[in-house]
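Listed below are the residues making up each chain.
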Amino acid sequence: MTRDFLLLLPLGIVGAGAILLMLRSALGKLTLEAASLVSMCVFALAFIAQILSGTIGHVSPYGSVFNGMLMVTDFTRVAGLIILACGFFTSMSSQSYFKENGFATVEYYSLIAFAVSGMLLLTMSQELITAFISLEIMSLSIYILVGFNRTCVTCAEAVLKYLMLGAFTGAFFTMGTALIYGGLNSTKFSAISTAIAAHGFLHLPALVGGAFFIIVAFLFKVAAFPFHAWVVDVYDGASVPVTGFMATALKTAVFAIFANFLMLDPGLKSAWVNYLFYIAILTMFGGNLIAIGQNTLKRMLAASGIVHTGYLLIALVAVSADHFTGSVILYYLAAYAVSTLGIFAALSYLTGNGEMRSQFDDFKGLAKKRPYSAAAITVFLLSMAGIPPTAGFMGKLYIISSAIQAGQVTLAVLGIVSSILSMWYYLRLIINMYFHEPEETFETECSVFGPVCTLILAVAVFAISLYPVTI
Amino acid sequence: MSTELILSAIIFIGLAVIVPVLFVATVIFGPRLAGKVKNEAYESGVGNVIGAVDQKFSVKFYLLAILFLIFDIEAVFMYPWAVSIRQLGWFGFSEMVAFMLLLLTGLIYILKKGVLNWR
Numbered sequence: 071m072t073r074d075f076l077l078l079l080p081l082g083i084v085g086a087g088a089i090l091l092m093l094r095s096a097l098g099k100l101t102l103e104a105a106s107l108v109s110m111c112v113f114a115l116a117f118i119a120q121i122l123s124g125t126i127g128h129v130s131p132y133g134s135v136f137n138g139m140l141m142v143t144d145f146t147r148v149a150g151l152i153i154l155a156c157g158f159f160t161s162m163s164s165q166s167y168f169k170e171n172g173f174a175t176v177e178y179y180s181l182i183a184f185a186v187s188g189m190l191l192l193t194m195s196q197e198l199i200t201a202f203i204s205l206e207i208m209s210l211s212i213y214i215l216v217g218f219n220r221t222c223v224t225c226a227e228a229v230l231k232y233l234m235l236g237a238f239t240g241a242f243f244t245m246g247t248a249l250i251y252g253g254l255n256s257t258k259f260s261a262i263s264t265a266i267a268a269h270g271f272l273h274l275p276a277l278v279g280g281a282f283f284i285i286v287a288f289l290f291k292v293a294a295f296p297f298h299a300w301v302v303d304v305y306d307g308a309s310v311p312v313t314g315f316m317a318t319a320l321k322t323a324v325f326a327i328f329a330n331f332l333m334l335d336p337g338l339k340s341a342w343v344n345y346l347f348y349i350a351i352l353t354m355f356g357g358n359l360i361a362i363g364q365n366t367l368k369r370m371l372a373a374s375g376i377v378h379t380g381y382l383l384i385a386l387v388a389v390s391a392d393h394f395t396g397s398v399i400l401y402y403l404a405a406y407a408v409s410t411l412g413i414f415a416a417l418s419y420l421t422g423n424g425e426m427r428s429q430f431d432d433f434k435g436l437a438k439k440r441p442y443s444a445a446a447i448t449v450f451l452l453s454m455a456g457i458p459p460t461a462g463f464m465g466k467l468y469i470i471s472s473a474i475q476a477g478q479v480t481l482a483v484l485g486i487v488s489s490i491l492s493m494w495y496y497l498r499l500i501i502n503m504y505f506h507e508p509e510e511t512f513e514t515e516c517s518v519f520g521p522v523c524t525l526i527l528a529v530a531v532f533a534i535s536l537y538p539v540t541i
Numbered sequence: 051m052s053t054e055l056i057l058s059a060i061i062f063i064g065l066a067v068i069v070p071v072l073f074v075a076t077v078i079f080g081p082r083l084a085g086k087v088k089n090e091a092y093e094s095g096v097g098n099v100i101g102a103v104d105q106k107f108s109v110k111f112y113l114l115a116i117l118f119l120i121f122d123i124e125a126v127f128m129y130p131w132a133v134s135i136r137q138l139g140w141f142g143f144s145e146m147v148a149f150m151l152l153l154l155t156g157l158i159y160i161l162k163k164g165v166l167n168w169r
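So the sequence lines, in the order shown, correspond to chains A and B. Counting along the first sequence from 1, when you hit position 151 you're at 221 in my numbering, and nothing is skipped either side. Counting along the second sequence from 1, when you hit position 12 you're at 62 in my numbering, and nothing is skipped either side.
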């Protein structure tokens, strides 16, 4: 009983924190700084609670009450830790961002907490309706966060695109759920895996169709190849901390449920491996082509997010469904989250009022005026490009060696080629920062939180690279 | 045939007779006053129904519709709970209390934000 309570405690803390912030914003006695501190405390508490539950093995919390709809494993627990850390650092860098940009209210932090609670539930869900509800809790909060700046036209464009396409995705997911329920008379993952073990995946037409729709929904949410077109405009329109939050926490949550769903049974996975193989290749190279053409920093980072989705799909192709641990996927997600959050934390205090510095050219000579910020950005970019000794390098190393172990040598080689191509646009910013004379002073009015957050994440890039992973 | 079935058949037949009779009676005996206001189409709150369709609606209609949905779903959820409350016992009661408290926080939020204040 206490064990089950501890397993759901992080979710409870984040949910209660979200409601508390919502009520306080209505009563109007909380300043923005205080709100960001409260939400940071909430995420830190939930993070500690999540760590404390780490010794408990694979269990289904309150199995009889929730009818086995939730399942906590080491995989979901670490995914939850990454998501909570993303929430913490987003709240921290938002505080600096909103010193310059004045459109925030206390509800902003409340919505981040609601989104995180949906994501935590999504990682744990072992049932399609639960997964759908938590996907919607997460998505609805993020739609509002994307369009939070109501006076900005590109934000309105972004939120409309995301809302329309996200609604389509929701429809795909429910269609898949309906087909699976029609075929198997159950929406629980355990029932799906029993049915596949008994009949074989390809002998259950409703399940094949349903799994197709559900995987389409997941591929849309992680911005994989045929469904990647929305990501550049949406990330560009959202404000800097929200973009960082979407790129990291959302991707972690959706990849967690994607892996959980795909690893239900070796039959399900082997039926999809061939398609995921081509999707991974097209995602990596399509993302690279888009990223090379961008002149705006945020658009480039959005397009590079597509490339990283491609690497994660390689990891999904390579993991074995027989003894699934997901350590490679989680390691790469953590490495990617740290570098992406770091660069968005640095941008949140460097872009200035109304995000006036957004082009590559706007950062010319940053290293002369703000050497520490420029150095931190360089570390994050090198980590994303995969240069040793950063976490990004180790993540790519694990992904590529796991692909070779699984016999997917083509994927491994193409992954390396794509990684070399991505240097093109990562190094472009570093060249602008270091090899040009400054054209402006880069003076910004910011609190201490933004730079501190950037520093912690820059240290974390190296710290995570020291953590060993068994493939 | 049971008496209940016969009774319900009589009620339906009675309705089938009474309703047309009342319709016809209204046409024959009812007063008929035609005026400009009475002949206008009525659409809740919207001034001129005939004309361009791209006119702006007050956002309050949407807010009210959303609020209605929230509390409507609460009421729908409470019916099956109320029917089986004795089987569910204190556990079911505490679950419903938690659900209603969560909705109550939403109600407090919208009240404090002045959503229901129409001026």
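Hints are computed from structural coordinates only; laboratory data are not their basis. Accuracy of the hints is not assured; some may be wrong.
To be verified - Just a few of them, taken from the derived set where beta-carbon distance is under 8 Å, the chain B residues facing chain A:
| no. | residue |
| --- | --- |
| 1 | Lys106 |
| 2 | Lys110 |
| 3 | Phe149 |
| 4 | Leu153 |
| 5 | Thr155 |
Stated by the list, open to error - One-sided and incomplete, this derived list gives chain B residues near chain A with beta-carbon spacing under 8 Å:
| no. | residue |
| --- | --- |
| 6 | Ile158 |
| 7 | Tyr159 |
| 8 | Lys162 |
| 9 | Lys163 |
Backbone N, C-alpha and C fix where the C-beta goes; we use that ideal spot for every residue, glycine too.
For each hint, the structure was consulted:
1. With 8 Å as the threshold, the beta carbon of lysine 106 of chain B stays out of range of chain A, its nearest partner Cβ sitting at about 16 Å, so the hint is violated.
2. With its C-beta approaching chain A no nearer than about 17 Å, lysine 110 of chain B sits outside the 8 Å limit, and its interface hint is violated.
3. The criterion of a C-beta within 8 Å of any C-beta in chain A is not met by phenylalanine 149 of chain B, whose closest approach is roughly 13 Å, and the hint is violated.
4. The interface hint given for leucine 153 of chain B is violated, since its Cβ lies 11 Å from the closest Cβ of chain A, which is over the 8 Å cut-off.
5. For threonine 155 of chain B, the interface hint holds, the least distance from its beta-carbon to any beta-carbon of chain A being 5 Å, beneath 8 Å.
6. Evaluation of the isoleucine 158 of chain B hint against chain A yields a held restraint, the C-beta minimum of about 6 Å falling below 8 Å.
7. The closest approach between the C-beta of tyrosine 159 of chain B and any C-beta of chain A is roughly 5 Å, which is under the 8 Å cut-off, so the hint is satisfied.
8. Given hint, lysine 162 of chain B at the interface with chain A, holds; its Cβ is 4 Å from that chain's nearest Cβ, closer than 8 Å.
9. Of the supplied interface hints, the one on lysine 163 of chain B holds, with its beta-carbon coming within about 6 Å of a beta-carbon of chain A, less than 8 Å.
Checked against the numbered hints listed earlier, the structure breaks hints 1, 2, 3, 4; every other hint is satisfied.
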